[in-house]
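Protein sequence lines correspond, in order, to chains A and B. Take the first sequence: its letters are residues 1 to 375, numbered as in this note's numbering. Take the second sequence: its letters are residues 376 to 750, numbered as in this note's numbering.
Treat the hints loosely; a few may be bogus.
Stated by the list, open to error - Taking lysine to aspartate or glutamate and the EDC-like style, the derived pairs with C-alpha atoms no more than 16 Å apart in a straight line are: (1) B:596 - A:162; (2) B:624 - A:35; (3) A:52 - B:428; (4) B:689 - B:633; (5) B:427 - A:161; (6) B:542 - A:161.
To be clear, the hints were calculated from the coordinates, so they are not data collected in a lab.
Protein chains: 2
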Amino acid sequence: MRNINKSVIYTLIFFFIASSVMSGQPGMQNFISPEVKKDRTVTFRFRAPNAKDVKLSTQFINGQQAMTKDANGIWSITLGPVEPDIYPYCFVVDGIQVADPKNTWIFPNEGFQNSVIEIPDATPKAYSIQNIPHGTVSYRYYYSNELGTRPLVIYTPPGYEESVNEKYPVFFLLHGSSDTEETWTKVGRANIILDNLIAQGKAKPMIIVMPYGRAFPVITKESGSLRTWENLQEFQKDFKNYIVPFVEKNYRVKPGPENKAIAGFSGGGGTSLYIGLGNPDLFAYVCGYAPGMVQAEFERNNAVPFADPALTNKRLKLLYFACGKEDPTYGTLQQYIKVLDEKKIKYQTFFTTGGHTWMNCKKFLNETAPLLFKD
Amino acid sequence: MRNINKSVIYTLIFFFIASSVMSGQPGMQNFISPEVKKDRTVTFRFRAPNAKDVKLSTQFINGQQAMTKDANGIWSITLGPVEPDIYPYCFVVDGIQVADPKNTWIFPNEGFQNSVIEIPDATPKAYSIQNIPHGTVSYRYYYSNELGTRPLVIYTPPGYEESVNEKYPVFFLLHGSSDTEETWTKVGRANIILDNLIAQGKAKPMIIVMPYGRAFPVITKESGSLRTWENLQEFQKDFKNYIVPFVEKNYRVKPGPENKAIAGFSGGGGTSLYIGLGNPDLFAYVCGYAPGMVQAEFERNNAVPFADPALTNKRLKLLYFACGKEDPTYGTLQQYIKVLDEKKIKYQTFFTTGGHTWMNCKKFLNETAPLLFKD
Numbered sequence: 001m002r003n004i005n006k007s008v009i010y011t012l013i014f015f016f017i018a019s020s021v022m023s024g025q026p027g028m029q030n031f032i033s034p035e036v037k038k039d040r041t042v043t044f045r046f047r048a049p050n051a052k053d054v055k056l057s058t059q060f061i062n063g064q065q066a067m068t069k070d071a072n073g074i075w076s077i078t079l080g081p082v083e084p085d086i087y088p089y090c091f092v093v094d095g096i097q098v099a100d101p102k103n104t105w106i107f108p109n110e111g112f113q114n115s116v117i118e119i120p121d122a123t124p125k126a127y128s129i130q131n132i133p134h135g136t137v138s139y140r141y142y143y144s145n146e147l148g149t150r151p152l153v154i155y156t157p158p159g160y161e162e163s164v165n166e167k168y169p170v171f172f173l174l175h176g177s178s179d180t181e182e183t184w185t186k187v188g189r190a191n192i193i194l195d196n197l198i199a200q201g202k203a204k205p206m207i208i209v210m211p212y213g214r215a216f217p218v219i220t221k222e223s224g225s226l227r228t229w230e231n232l233q234e235f236q237k238d239f240k241n242y243i244v245p246f247v248e249k250n251y252r253v254k255p256g257p258e259n260k261a262i263a264g265f266s267g268g269g270g271t272s273l274y275i276g277l278g279n280p281d282l283f284a285y286v287c288g289y290a291p292g293m294v295q296a297e298f299e300r301n302n303a304v305p306f307a308d309p310a311l312t313n314k315r316l317k318l319l320y321f322a323c324g325k326e327d328p329t330y331g332t333l334q335q336y337i338k339v340l341d342e343k344k345i346k347y348q349t350f351f352t353t354g355g356h357t358w359m360n361c362k363k364f365l366n367e368t369a370p371l372l373f374k375d
Numbered sequence: 376m377r378n379i380n381k382s383v384i385y386t387l388i389f390f391f392i393a394s395s396v397m398s399g400q401p402g403m404q405n406f407i408s409p410e411v412k413k414d415r416t417v418t419f420r421f422r423a424p425n426a427k428d429v430k431l432s433t434q435f436i437n438g439q440q441a442m443t444k445d446a447n448g449i450w451s452i453t454l455g456p457v458e459p460d461i462y463p464y465c466f467v468v469d470g471i472q473v474a475d476p477k478n479t480w481i482f483p484n485e486g487f488q489n490s491v492i493e494i495p496d497a498t499p500k501a502y503s504i505q506n507i508p509h510g511t512v513s514y515r516y517y518y519s520n521e522l523g524t525r526p527l528v529i530y531t532p533p534g535y536e537e538s539v540n541e542k543y544p545v546f547f548l549l550h551g552s553s554d555t556e557e558t559w560t561k562v563g564r565a566n567i568i569l570d571n572l573i574a575q576g577k578a579k580p581m582i583i584v585m586p587y588g589r590a591f592p593v594i595t596k597e598s599g600s601l602r603t604w605e606n607l608q609e610f611q612k613d614f615k616n617y618i619v620p621f622v623e624k625n626y627r628v629k630p631g632p633e634n635k636a637i638a639g640f641s642g643g644g645g646t647s648l649y650i651g652l653g654n655p656d657l658f659a660y661v662c663g664y665a666p667g668m669v670q671a672e673f674e675r676n677n678a679v680p681f682a683d684p685a686l687t688n689k690r691l692k693l694l695y696f697a698c699g700k701e702d703p704t705y706g707t708l709q710q711y712i713k714v715l716d717e718k719k720i721k722y723q724t725f726f727t728t729g730g731h732t733w734m735n736c737k738k739f740l741n742e743t744a745p746l747l748f749k750d
């Protein structure tokens with residue numbers, strides 16, 4: 001198959017967009033979506049002249065919302081005022097979930113297509129991008145003999161590049177089961193939350209390491225939650241043999257478990273508890289955000305911390321759980337906490353409203369980061 | 376509007392995916408797309424039980440390709456063997472363009488929803504990710520009084536972090552009109568192409584700066600090509616007042632125009648020629664890849680280089696044009712070259728097969744980078 005003239009379709013699309021924009025024909029491609037107004041109402045628009053039914057699905061309102069079509073085939077809906085936050089959303093076009101083609105802010109995920117919208121507040125939130133010093137988000141590669149070339153997203157705090165002799169503590173932050181190494185920054189705004197906390201003197205400058213949590217291709221992308229035993233084993237190998245050494249070789253890292261923290265969301269929360277509690281020589285700070293766990297696996301997955309609870313308490317500087325009270329993982333977390341109580345293992349909790357969402361993840365991170373790396 | 380329980384839909388989706396995966400029901404969510412086989416055939420799959428018509432649109436074959444539906448509502452098509460390269464593609468579901476929800480590799484673009492696929496070759500290509508030293512791709516923010524907080528993607532070559540006293544030349548690389556600051560790395564593999572060239576000793580280690588090329592919000596996202604006069608003026612201000620100073624403040628940059636290059640694709644190519652040739656104090660290396668230009672604007676946009684062609688030749692170390700011969704910008708580029716010939720302004724060209732595609736962009740970059748920053 002030769003490569004000549006293969007771009008004809010694209011070229012046509014390119015000129016169609018260009019010409020429709022330039023001709024200023026109302027309603028062709030020349031519309032905005034999403035459009036957020038100052039009163040925090042928001043209008044979503046999607047062009048689908050031949051669709052029978054287009055709905056909006058978003059996490060700030062329950063249930064799919066019917067949209068209406070205008071004469072140009074553009075479906076729209078206006079909602080709100082909406083509580084300020086960052087929300088995923090998609091269009092459901094005759095039953096098919098579609099991200100918003102007018103919005104470049106995409107939710108990095110292996111399971112669904114969603115766009116992301118921010119409803120700003122009059123006063124800045126923990127995750128608001130402000131005109132303050134910003135850290136750097138770096139996309140790196142490391143090589144694993146078992147898993148090949150793997151991506152790694154790494155946040156370094158403001159001033160890292162200049163303070164060439166200073167060393168920093170490291171926070172390993174794991175995504176949820178169908179997320180990717182980009183979800184904590186692109187949806188969770190982990191970098192911005194830390195920029196803001198550091199600017200306010202509420203958190204210590206730290207490095208945040210966000211790996212891809214599935215041990216692909218040894219573990220298939222269709223294998224379900226990251227907290228399956230098989231993925232825990234393979235990912236832990238990758239984590240200890242390659243990720244930690246890569247970070248220690250390439251970044252100015254303070255030594256010792258008192259300068260290492262680990263947290264994760266959902267399936268990544270099950271993973272962070274397993275790796276964190278199972279490796280007290282590595283981690284003195286261990287957090288689970290709405291962690292994916294199964295009661296029948298508590299003993300097996302906690303063999304190290306349960307073997308000597310007093311030693312576990314002595315070695316851990318923080319064991320922390322955060323969860324929404326409507327989150328489906330909340331019940332299992334309560335069972336787990338009951339076991340910890342029986343064993344007299346110390347922990348802290350942060351329970352909020354809401355469910356298994358990235359709106360909550362941002363709160364969890366904002367609550368946790370100030371507790372890390374206390375002298 | 377309160378935030379409680381808003382995630383019910385998502386939670387249901389989450390458990391639906393988890394349970395269907397775990398039950399192992401064939402054909403529900405448990406399929407792969409795209410699936411590339413060793414013989415370079417590729418199967419695309421998309422689940423849409425209620426759709427009437429699903430087609431594949433991709434840049435390796437002309438025209439939309441009909442897909443067929445199985446008993447589980449999964450549409451599929453197998454094509455190839457396909458010429459090794461990286462291609463955009465999408466599904467056209469009852470007339471609506473949809474990215475592949477099973478593929479996290481998304482084409483960053485403001486105008487369309489596409490996924491991206493790599494067809495690997497038996498021998499590595501210029502853009503192949505290999506087990507060699509990799510540079511760092513950093514996501515940065517800078518603040519402009521006029522445009523607010525703006526993104527900037529910056530490549531630093533392998534060894535940059537360690538060689539703390541070394542300074543580097545800088546290559547500014549602009550995306551096409553509906554692309555974003557991420558398109559050169561995520562679709563064009565600019566970082567990988569440079570990693571490979573540097574490892575082979577074919578290009579000098581350099582910093583690559585990839586800004587967002589639209590002067591939004593002063594210039595609207597619906598304003599068409601980046602090479603419009605209004606965007607050229609506003610973006611040039613941003614470029615000179617904020618981007619260049621940010622890079623010089625935050626990176627170890629070799630001084631002088633002989634250590635600065637600029638290139639761009641499509642509307643960004645029109646921009647790179649305008650800014651590059653208009654600022655000889657900044658740039659001695661100027662390239663346009665399938666540049667977006669209009670013949671009636673040649674004199675206005677080239678006032679500086681045309682004013683004194685002999686001086687232009689003296690100051691420029693490289694003026695370079697690359698284009699596919701089937702590219703719709705090829706004709707205007709030929710007219711422009713004719714004007715340069717009349718004015719005796721020197722240049723180099725690289726004309727290849729194919730159209731206005733990112734397959735060609737990778738070739739253009741791979742040809743150009745070795746020509747930059749010659750002693």
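Here is what the structure says about each hint:
no.	hint	in the structure
1	B:596 - A:162	36 Å, violated
2	B:624 - A:35	35 Å, violated
3	A:52 - B:428	14 Å, holds
4	B:689 - B:633	12 Å, holds
5	B:427 - A:161	55 Å, violated
6	B:542 - A:161	14 Å, holds
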